[in-house]
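Since the structure of chain C is already known, use the hints to place chain Z on it.
Read off the chains here:
There are 2 protein chains.
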Amino acid sequence: MVVATDNYPSSNARRIPPTNISPNTILELEKGDPVVFEKYWKKRSEECSVVIRGWELMSYLGDAKNDVCWYMLPEVERGIRRLHHVVGNAVTHDAHIVVGTGATQLFQAAVFALSPPHSSKPINVLAAAPYYSEYQDEISILRSGLYQWGGDAASYEKNEPYIEVITSPNNPDGTIRGPVVKSEAKGKLVYDLAYYWPQYTPITHQADHDLMLFTFSKCTGHAGSRFGWAVVKDIEVARKMTRYVQMSSIGVSKESQTRVAKIIGVVCDGYQNFGSMESELYFEYSKRLLRERWGKLWAVIDESKLFSVARYPMAFCNFTNESSEPSPGFIWLKCEEGIEDCESYLLGKLKIRARGGKRFGVDSKYARISLIGTDGDFNEFLKRISNA
Amino acid sequence: MVVATDNYPSSNARRIPPTNISPNTILELEKGDPVVFEKYWKKRSEECSVVIRGWELMSYLGDAKNDVCWYMLPEVERGIRRLHHVVGNAVTHDAHIVVGTGATQLFQAAVFALSPPHSSKPINVLAAAPYYSEYQDEISILRSGLYQWGGDAASYEKNEPYIEVITSPNNPDGTIRGPVVKSEAKGKLVYDLAYYWPQYTPITHQADHDLMLFTFSKCTGHAGSRFGWAVVKDIEVARKMTRYVQMSSIGVSKESQTRVAKIIGVVCDGYQNFGSMESELYFEYSKRLLRERWGKLWAVIDESKLFSVARYPMAFCNFTNESSEPSPGFIWLKCEEGIEDCESYLLGKLKIRARGGKRFGVDSKYARISLIGTDGDFNEFLKRISNA
Chain C
1 MVVATDNYPS
11 SNARRIPPTN
21 ISPNTILELE
31 KGDPVVFEKY
41 WKKRSEECSV
51 VIRGWELMSY
61 LGDAKNDVCW
71 YMLPEVERGI
81 RRLHHVVGNA
91 VTHDAHIVVG
101 TGATQLFQAA
111 VFALSPPHSS
121 KPINVLAAAP
131 YYSEYQDEIS
141 ILRSGLYQWG
151 GDAASYEKNE
161 PYIEVITSPN
171 NPDGTIRGPV
181 VKSEAKGKLV
191 YDLAYYWPQY
201 TPITHQADHD
211 LMLFTFSKCT
221 GHAGSRFGWA
231 VVKDIEVARK
241 MTRYVQMSSI
251 GVSKESQTRV
261 AKIIGVVCDG
271 YQNFGSMESE
281 LYFEYSKRLL
291 RERWGKLWAV
301 IDESKLFSVA
311 RYPMAFCNFT
321 NESSEPSPGF
331 IWLKCEEGIE
341 DCESYLLGKL
351 KIRARGGKRF
361 GVDSKYARIS
371 LIGTDGDFNE
381 FLKRISNA
Chain Z
1 MVVATDNYPS
11 SNARRIPPTN
21 ISPNTILELE
31 KGDPVVFEKY
41 WKKRSEECSV
51 VIRGWELMSY
61 LGDAKNDVCW
71 YMLPEVERGI
81 RRLHHVVGNA
91 VTHDAHIVVG
101 TGATQLFQAA
111 VFALSPPHSS
121 KPINVLAAAP
131 YYSEYQDEIS
141 ILRSGLYQWG
151 GDAASYEKNE
161 PYIEVITSPN
171 NPDGTIRGPV
181 VKSEAKGKLV
191 YDLAYYWPQY
201 TPITHQADHD
211 LMLFTFSKCT
221 GHAGSRFGWA
231 VVKDIEVARK
241 MTRYVQMSSI
251 GVSKESQTRV
261 AKIIGVVCDG
271 YQNFGSMESE
281 LYFEYSKRLL
291 RERWGKLWAV
301 IDESKLFSVA
311 RYPMAFCNFT
321 NESSEPSPGF
331 IWLKCEEGIE
341 DCESYLLGKL
351 KIRARGGKRF
361 GVDSKYARIS
371 LIGTDGDFNE
381 FLKRISNA
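Chains as they are written, first to last, in UniProt numbering: chain C, 1 to 388; chain Z, 1 to 388.
Keep in mind that a hint or two might mislead.
Any copy, or any two copies together, can satisfy a pair, since identical chains are not distinguished.
[Claimed, not checked] Once the Cα atoms are required to be at most 16 Å apart in a straight line, the calculated EDC-like pairs of lysine to aspartate or glutamate come out as:
no., residue 1, residue 2
1, LYS233, ASP210
2, LYS43, GLU280
3, LYS31, ASP63
4, LYS383, GLU325
5, LYS383, ASP363
6, LYS383, GLU138
7, LYS351, ASP94
8, LYS158, GLU184
9, LYS240, ASP210
10, LYS39, GLU284
11, LYS65, ASP152
12, LYS351, GLU28
13, LYS240, ASP137
14, LYS188, GLU134
15, LYS262, GLU340
It is worth saying that the hints were derived from the structure and are not from the lab.
Only chain C is shown next, with the shape it has when bound in the complex (with noise of 0.2 Å):
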């Protein structure tokens, strides 16, 4: 069925453009490796080129003055401040800043430094289904005495203390969460925001929680980075997940926090100079970008009997100062009856690698499916499911 929710910028949505991959090629759509970007940092190549000469960045010291996270750049700070400034989906202002070598160690860090250290038994951390696949194993793999997967976190009844991490927009399914636990028991909330940037979801408030993760792999798409970081309140919190850094990785790489001030630099200057065309900003190609994609995508879908997304509410932008449906990373795709498994369904009869129901803890009827791949992939992508 088609539902005329929203405009989409593509006047064509219906025309798939031709790609070159061959119909026995495996699509690989199952991690979110955020490709679609690069073609706009092409665009700025040379403007946000890094040089880093032979001696430079030698010493683990970022910054001997900061008493938070020592091996954090200055620059690096002043500029993740001074994004979430620009962009108005965070407040910063009365928190600190704690880097890490990608969303993925912040977050380990964060659960580490919210575990009570001298508790008899592990704390459960717990996330509402479905919800991002790898926190299960992140949290289990070494078998921590301080914290353990507890699960879904909407069927969670215990009476004992618990973290909830909070992914809004969610991962897997783009929604916008709150926490979900009812339980009397006292909770600590982990808010994982990395998809809380203007390309894909509405900017309807500034965040202004106790501990929130982002990462420059969804901001700008460098994933290859590896480059993230926290906006906490507490002092003590924020010393411990240094810490935590610190044993881990002993800091984070200096070349790519170079990097990240200056492209952080760029998209910031591009806001707040003269002159800019706004086409051109980083946000408003890269919402563009998404939202031709979801156009195409709905085109398809709405003519689908085999497949089905949710359809997300409008909401108004404070970055953009307009209202929209979300674009999110990722397609959330459901089978309709009579397939039980989409994950197998999508591989063995069309050749695209999605990752299943299962992984985000729900039904198998559920597949997640990247949407910022390359353009040939994307294209070639909704060729197969609209000949399925």
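Same frame as chain C, but now just chain Z:
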């Protein structure tokens, strides 16, 4: 007592150059920040420059064809193998390379990979005292059910499986080591060869162990890059280590990787290209730097009634084709009679921050002091201990 065991390059070792550090300033020599090598890289600055453009290195992937370490750039693997071939310090031809965010992350990856996954009790991780001060905390921080800190390998008597870490040359004391556990039980070995490079110690043989760890920090002095590598014979162990790094940080900074490949390339080119001036080659230059410092240090220590340092045996280095004493990156200082706590004495009386023996599992009469800091700090250190 003066013992002339070696010819040190500086003819006026006893002259300590003046510094402009105030006697009230605390000298920070507790960490091993390898900034001494900066002056070499200033000479090679442009040659070693990397330029990273805005759109480059965006993917999580390093090499889709690598079925062991998928996030490693191919040029990094080639560079690592080439470097070991040039230096002759390790056999790599029948082994896999796994890269990590410093040897710190890889040490934990190694212990994870070697721990029995389904054992009812954690395996003991051991190292002979004095051992690297961070092993214990890295092993203990998450109270893992897979492994636990087992203390001094020399006094291990349990008839249970174990993992022994062999650090050679050793941190803190620079000695050459082999396994020491006498137990009948079966042990697995991890060789931490961070300092097995020609500037620190004669290269007497090609190390050829099942699992060897190296780090860029101590090889070239680029500690800020947070880059290390493991040479691993068993493909399943290598894959488990990769899995650990994936769970911990989804790989390793591509910016660091691209710089590592560049700098290793410049080092190797120097040795393999016709016309290089030997004294300007990296290992010759850096060895000279450290030997100059050791020459000055011996001149002071030999006159000291308060402090002593154990002598190292001479050995023939296959790489430099000469016999010499080692020139370790740390001074393992022993306080003589009357001073029970070396760390406290140094800090209280001489305003020198060192790391005390207790942290390394031995007597507090010992303390570790970095020899690889700035010229100013090193000379000020000499002045203070010679006046003590």
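- Hint check against the structure, violated hint numbers in rising order: 4, 5, 6, 7, 11, 14, 15
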